[in-house]
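Student: Chains as they are written, first to last, in this note's numbering: chain U, 1 to 327; chain L, 1 to 327; chain H, 1 to 289; chain G, 1 to 510.
A couple of the hints might just be wrong.
What the hints assert, rightly or not - Over the 10 Å line for every Cβ pair with chain U, so calculated as not near, a few chain L residues:
no.	residue
1	Ile114
2	Val144
3	Thr170
4	Val186
5	Arg223
6	Leu260
7	Thr320
Said to hold, decoys possible - Think about it this way: if two alpha-carbon atoms lie no more than 30 Å apart in a straight line, the pair counts; the simulated DSSO-like pairs of lysine-lysine are:
no.	chain 1	residue 1	chain 2	residue 2
8	G	Lys176	U	Lys220
9	G	Lys460	G	Lys388
10	U	Lys323	L	Lys131
Quick caveat, the hints were computed from the structure, so don't treat them as lab data.
Just so you know, even glycine gets a beta-carbon here, dropped at the ideal spot from N, CA and C.
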Amino acid sequence: MSSSTFVASAGSDSRRSIWARLLTGSQGPLIGLIILCIVFSVTSDVFLSARNFLNVIDQITVLGILALGMTGVIIIGGIDLSVGSILALSCMVLGWLPQDYGVPFGVSLILAIIAGGACGLVNGLLVTRAKLPPFIATLTVMSVARGLANLTTGGEQVVGYPDWFTRLATVRYLGFLSATVAMFIVLAFAGWIFLRYRGTGRSLYAIGGNPEVARLAGIKVLRLTVWVYVASGVLAGLAALVLSSRLDSSQPSAGLGYELDAIAAVVIGGASLSGGIGGIGGTVVGVLIIGVLHNGLNLVGVSPFIQQVIIGCVIAVAVTIDKFRRQ
Amino acid sequence: MSSSTFVASAGSDSRRSIWARLLTGSQGPLIGLIILCIVFSVTSDVFLSARNFLNVIDQITVLGILALGMTGVIIIGGIDLSVGSILALSCMVLGWLPQDYGVPFGVSLILAIIAGGACGLVNGLLVTRAKLPPFIATLTVMSVARGLANLTTGGEQVVGYPDWFTRLATVRYLGFLSATVAMFIVLAFAGWIFLRYRGTGRSLYAIGGNPEVARLAGIKVLRLTVWVYVASGVLAGLAALVLSSRLDSSQPSAGLGYELDAIAAVVIGGASLSGGIGGIGGTVVGVLIIGVLHNGLNLVGVSPFIQQVIIGCVIAVAVTIDKFRRQ
Amino acid sequence: SARAAEPTVGLAVANLQADFFNQIKQSVEAEAATKGVKVIVVDAHGDSATQVNQIQDLITRGVKAIIYIPAGATAAGVPVRAAQAAHIPVVAVDRNAPDAPADTFIATDSVAAAHTLGDYVCKIAGGKGTLAIIQGQLGTTPEVDRNKGFEAAMASCPGIKQVAKQASQEWSQNEGFTIAQDMLQRHPDITIFFGRADALALGAAQATKVANLDHPVLVVGFDGDKAGLKAVQSGTLAATMTQKTQAMGRLALDSALDLAAGKTLPKEQLQTAVLTTKDNVTPYIAQHP
Amino acid sequence: MCALMADQSLSRPRRMEGPPVRLSVTGARKAFSGTPVLNDVDLTVREGEVVALLGENGAGKSTLSSIIAGVIEADAGSMVWEGQSYTPASPGDAISHGIGLIHQEMRLLPDLTIAENVFVGRLPMAGGRIDREQMRQRASEQLRRLGLEISPDTLVRSLRVAAQQQVEIAKALTLKARLLILDEPTAALGRDETDRLFAQIGQLKQEGFSFIYISHRLEEIARIADRIVVLRDGNKVAEHSTAQVPVDQLLRDMVGRNIDRLFPHVEAPRPREVLRVDGLRSAEGAFADISFAVHEGEIFGIAGIVGAGRTELVRSIAGADLLSAGTVTLDGKALRLTGPDTAIHAGIVLVPEDRKGQGILLEHTVADNLALGNMDRLGKRGWLDPAKVREFGQRMIGRLGIKGRPGQQARYLSGGNQQKVVIARWVARAPKVIILDEPTRGIDVGARAAIYEVIAELAKSGMAVVVVSSDLEEVLGLAHRVMVLARGRQMGVLDRAQANNVAVMALATG
Ligand SMILES: Nc1ncnc2c1ncn2[C@@H]1O[C@H](COP(=O)(O)OP(=O)(O)OP(=O)(O)O)[C@@H](O)[C@H]1O
Ligand SMILES: Nc1ncnc2c1ncn2[C@@H]1O[C@H](COP(=O)(O)OP(=O)(O)OP(=O)(O)O)[C@@H](O)[C@H]1O
Ligand SMILES: [Mg+2]
Ligand SMILES: [Mg+2]
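Given only the sequences and the hints, what does the whole structure look like? Please build it.
Tutor: Here you go:
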């Protein structure tokens with residue numbers, strides 16, 4: 001059952017727990033995640049602990065936020081290669097404006113998010129107006145945004161943010177929840193609600209299924225497409241804030257290659273790159289699989305080269321399991 | 001007119017020069033290339049020289065060979081993210097076997113190509129047997145092959161090849177043609193003949209247009225798909241030889257990110273990522289656009305950061321022009 | 001013409017995303033501005049093949065000398081040979097091709113520097129502790145040299161026990177953070193972190209901060225990045241080895257001009273790195289050595 | 001050989017004179033995920049014979065053809081082809097045996113030329129390279145015989161549905177398959193094209209070629225078929241050794257009950273004008289100077305031959321294509337149509353002719369497809385209420401008699417049921433104007449009667465209904481008035497009383 005078959009699963013919604021509903025359509029990847037956790041619990045005695053769990057959550061926040069935006073893009077049948085570069089540009093806007101132009105930090109915070117959204121807008125317009133294939137449109141923005149990120153400070157990093165800002169990522173309130181993790185959870189939940197219970201969210205699935213059918217059914221395909229790319233850009237901007245807060249610095253090289261991780265997470269979570277299928281529940285599981293994998297392999301002490309081999313294989317296996325389960 | 005509409009152009013084939021036929025369907029990108037050349041001829045006094053032309057040809061050989069394989073993959077509606085990593089693995093096989101195991105160089109040369117083909121085979125089987133989306137299948141191989149390339153020597157490079165081997169890339173016979181460039185030209189021509197004049201080549205367009213239609217027409221879709229990925233892998237292996245000969249060394253970090261360049265070249269050349277459209281003529285023009293762009297910007301002395309911005313924009317403009325011309 | 005009055009020097013950088021290379025680039029450019037020299041900068045994004053292309057372009061462009069910061073794990077000799085074939089002198093910085101050494105080579109003596117750092121760590125840790133190392137990209141020259149020097153120092157400091165050693169792939173701060181966090185998960189008793197670059201060390205420092213450990217952790221880095229120096233000043237890092245990027249940049253340009261003028265220079269011009277601690281960091285922040 | 005033949009005919013229970021058997025299927029059985037679709041179906045086809053396969057939507061006709069053509073594998077049963085046991089491993093295998101199939105869902109390669117589509121998978125070669133001259137010639141020859149005067153170098157993407165279907169037919173005919181299965185080949189064709197196709201089939205029959213012909217148009221069956229086989233719910237329920245079977249009888253066979261009349265009684269329209277269009281001109285030049293009005297409760301038919309511009313016209317009225325001149329007035333208010341959404345919100349909906357490409361989301365569930373276009377009504381303030389969506393799906397499935405479950409993927413519905421889903425989606429909105437472009441293309445008689453009933457009811461409830469159809473009977477049987485288009489021009493509007501075959505065709509070809 002694909003996560004787009006909202007009604008089929010909804011048929012028994014009232015009887016199902018919120019957890020079951022959250023994970024609709026992502027049972028396949030979930031099985032993979034559980035297997036991974038079992039393997040690491042056996043091979044590493046520190047893996048299975050509350051603290052390590054919190055570490056993993058911490059570590060996936062940035063990727064997770066990017067993957068939320070990517071989920072929308074992939075559902076409408078697009079792809080966004082620019083998220084890593086947009087993240088870098090937003091990071092730099094955040095640090096560079098206060099440093100070089102004395103812009104108040106609060107303002108630059110907003111501007112960083114706006115920069116992300118603006119890049120997303122360019123993506124959206126290139127896709128809908130210039131009719132570029134999403135791969136090319138976002139490849140363009142990927143290159144341009146990275147160039148701009150470097151241009152801000154001439155490639156240098158910016159160091160030192162206000163204390164309250166870095167505390168967002170480092171202090172765990174109530175003993176477990178840092179502000180950035182809380183933000184991720186809120187965003188994921190909002191995304192889940194949106195895609196599942198809002199008409200507009202459901203429209204995205206229709207666009208991914210067949211944009212012409214969607215258009216003839218009265219959905220404003222072009223406008224929604226633009227918004228989806230803007231959302232992805234804004235989320236990349238938010239991810240930039242998280243990363244900057246986490247590292248207490250901004251680098252123009254931030255986020256290099258994150259786009260592939262984000263896409264992988266969404267697809268591991270059960271989305272289809274041809275559009276129309278996917279969901280936040282699956283994406284979060286996909287992100288967790290990637291996060292747990294890195295964390296577990298580090299805990300076991302596997303060399304990064306072997307990690308590359310293992311990660312490749314796990315991605316293939318996870319998606320294959322999901323494919324077969326669906327049939 | 002797309003480059004796949006070879007029948008349309010064929011009507012007058014006998015009257016058309018070989019050049020016109022070579023470039024069928026790639027007039028759009030060609031215009032872009034000519035504009036670029038004019039711009040650089042004006043802004044740099046050394047751009048327009050025979051020697052620089054030869055340099056550019058030299059510089060694009062590796063990317064060009066990868067892009068030939070990518071053309072086939074994109075025509076059948078796939079994508080191959082693994083070419084850069086396969087290139088690295090083949091490079092390492094070439095250097096590591098003689099260095100660490102005393103394998104004769106001639107043998108390791110063959111094994112390097114076989115390694116490329118084997119990776120391609122894995123791609124093909126993951127796509128056709130495990131039914132993974134090409135993006136994921138090749139992402140897997142991308143990660144695994146890179147890991148293996150690193151594992152051979154633990155991340156270190158191998159230096160020093162036989163003299164005759166490095167001469168392949170560096171000595172220009174007849175004053176202009178190095179052996180590697182000659183190989184690229186031969187491969188491109190063979191690919192062009194194959195895609196244009198062979199039934200199997202035309203079948204690739206059918207597969208890309210609609211695999212089910214192709215299957216119903218009696219085309220062995222799965223088998224051809226596997227072969228296309230194998231070809232892409234073998235070509236990555238050949239590109240590895242060119243690169244190693246050019247650099248007189250092998251590095252496990254070779255080819256990082258080349259997959260995006262290769263895809264960009266093919267798409268700039270007029271291919272569609274949804275399959276069924278594309279051709280060697282266009283791809284070669286696409287590769288030349290990327291090569292000339294880098295070369296020209298270096299000659300003019302544009303700062304590297306601004307180069308990123310310009311390259312992004314040129315890709316977008318080139319593909320946009322092509323889109324509009326087709327309408 | 002203008003070009004005759006203004007000699008042109010090519011600067012081929014391995015990867016401008018790395019602060020260390022970027023510092024050298026800026027220093028070369030600043031020095032060039034004072035000397036009335038035009039510098040053409042190309043960035044290989046860490047790819048040797050791209051760098052070969054770029055050096056070819058610099059040769060075509062007719063630069064008087066090339067400053068070559070090799071990309072890739074270790075230096076490739078091909079660009080040097082190509083330039084020399086075109087009678088253009090080459091100044092290699094940071095890494096040198098073993099098979100085709102440049103006309104002069106400017107670098108920090110990394111082995112010695114890492115040794116110095118190791119000795120310092122041993123001293124301030126009181127000769128004992130639990131050590132974790134976050135390596136750079138395996139197989140690269142800096143990683144190999146820093147490993148060599150540091151291990152030599154540790155050999156004479158038996159009280160420090162190394163419990164973890166994990167490689168990063170991009171020398172990045174985020175990687176340092178994640179790897180350190182996972183190391184602390186497995187070995188909460190770690191008292192010393194050595195990040196093979198400042199970015200890695202800064203990541204490790206963040207991880208110790210988040211981990212709320214009941215004991216202090218000593219974090220040291222390498223390179224003397226701006227961020228690293230500031231961290232040393234604030235006490236986040238206990239020490240770093242500051243490479244003299246400004247001096248190296250100036251020296252590189254001067255050497256290039258000297259070579260272009262036909263002078264001969266020593267084959268190697270090794271620089272020392274400065275052990276930087278809270279006591280001596282302040283002037284370096286204002287003016288990088 | 002001779003002895004064998006004699007044996008065969010001896011063992012036959014019913015001794016029949018006539019040409020030898022080309023294909024026999026025995027006990028074909030197939031189930032999809034547990035649901036039986038074919039139960040022990042037998043079928044024989046002789047040389048030079050056209051066997052018609054009839055049945056309701058979902059009866060299993062396409063499934064049976066797919067088995068014969070090697071597209072899918074039967075669960076049980078055996079086949080004999082020209083005296084040899086036959087188990088095709090792939091479509092290619094079937095083709096090399098001499099069996100061709102025109103698939104019901106037209107499927108061509110949009111980015112290839114007509115010629116290449118016709119010869120896909122079997123490009124003529126000469127001297128190691130493709131013989132393009134021969135390919136073009138043979139393609140254009142075949143197209144001309146089918147009445148499509150168009151360059152074989154045209155991209156298929158640029159063709160309209162009807163032309164695409166003709167290309168598909170050309171593809172099948174050039175196969176020179178000894179058995180050709182035509183699964184609803186005329187669904188998108190007009191009368192003229194159909195006639196030409198039948199002429200071709202007649203000629204090939206003379207030459208000994210065999211056909212299995214599937215269609216929902218019973219009058220065609222009478223013209224072309226030699227024998228008729230009727231399927232119902234996967235069982236063979238009747239076999240007639242002649243095609244001259246009364247329509248009532250066939251209907252009874254197919255549906256299992258009597259269908260007294262196909263066309264319902266439609267009440268007289270009310271005088272109030274609902275939709276008026278004045279001087280419409282297409283931005284792409286497909287039509288010009290179209291003016292008409294449709295009244296409350298009126299069914300307004302649009303007739304014309306293929307390519308007359310009817311589809312373009314109704315798409316423009318529904319906001320899907322651009323107009324370069326003219327006004328569309330609804331309930332006395334001129335509309336500014338900027339897209340389908342504005343038309344839908346104003347109250348004009350369109351059931352498009354190309355179901356797969358424009359009507360339905362194949363990978364989505366039936367309920368999701370029904371909810372599409374109704375989302376504003378299935379919850380409050382942009383929220384969707386899952387319970388409502390489910391209940392809505394259930395209700396519409398019941399109302400239109402769709403064979404399918406709400407949670408089923410639309411891909412797995414038979415073509416006719418998919419069409420009903422699209423109609424249901426719009427009927428549910430209770431629009432002011434509903435436009436149906438080829439509403440019963442590929443729909444069986446039983447369901448067709450039901451759809452006519454729905455159309456009549458919609459009119460009765462006060463909606464203005466526009467019906468575009470290439471099936472003249474349909475237009476004449478339903479519409480109060482019929483507008484005839486030819487080459488994008490309005491040739492005239494006929495009243496029900498004046499409208500008959502001859503009058504309409506005279507205008508359409510005039
Ligand atoms: N791949 C499939 N998976 C599941 N069910 C299928 C599949 N293909 C067909 N069916 C079901 O099998 C039944 C028979 O379908 P089939 O396409 O043979 O009908 P048909 O007689 O050709 O109908 P129509 O006149 O509408 O074309 C239908 O109920 C359909 O839903
Ligand atoms: N078979 C064809 N051959 C050539 N051109 C065609 C054909 N079919 C359609 N066209 C072009 O498309 C235009 C409008 O076609 P449209 O589909 O709107 O007409 P239609 O009357 O609805 O016919 P159809 O029955 O194919 O839907 C025509 O004016 C013509 O230019
Ligand atoms: Mg059917
Ligand atoms: Mg029509």
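Student: Next step is simple, just say for each hint if it's right about the structure.
Tutor: Evaluated hints:
With a least CB separation of 19 Å from chain U, Ile114/L remains clear of the 10 Å interface cut-off, as annotated. In this structure Val144/L is not separated from chain U by more than 10 Å, as the shortest Cβ-Cβ distance comes to only about 4 Å. With a least CB separation of 31 Å from chain U, Thr170/L remains clear of the 10 Å interface cut-off, as annotated. With a minimum CB-CB distance of about 29 Å to chain U, Val186/L clears the 10 Å threshold, and the non-interface call stands.
In this structure Arg223/L is separated from chain U by more than 10 Å, as the shortest Cβ-Cβ distance comes to about 20 Å. A beta-carbon of chain U comes within 10 Å of the beta-carbon of Leu260/L; the shortest separation is about 7 Å. At the 10 Å boundary, the C-beta of Thr320/L falls inside the reach of chain U, the nearest C-beta of that chain being 5 Å off. In summary, the hint linking Lys176/G to Lys220/U is not supported, as the alpha carbons are separated by about 47 Å, beyond the 30 Å threshold.
For the hint pairing Lys460/G with Lys388/G, the CA-to-CA distance comes to about 27 Å; that is within 30 Å, so the pair holds. About 8 Å separates the Cα atoms of Lys323/U and Lys131/L, which keeps this hinted pair within 30 Å; it holds.
Checked against the numbered hints given earlier, this structure breaks hints 2, 6, 7, 8; the rest are met.
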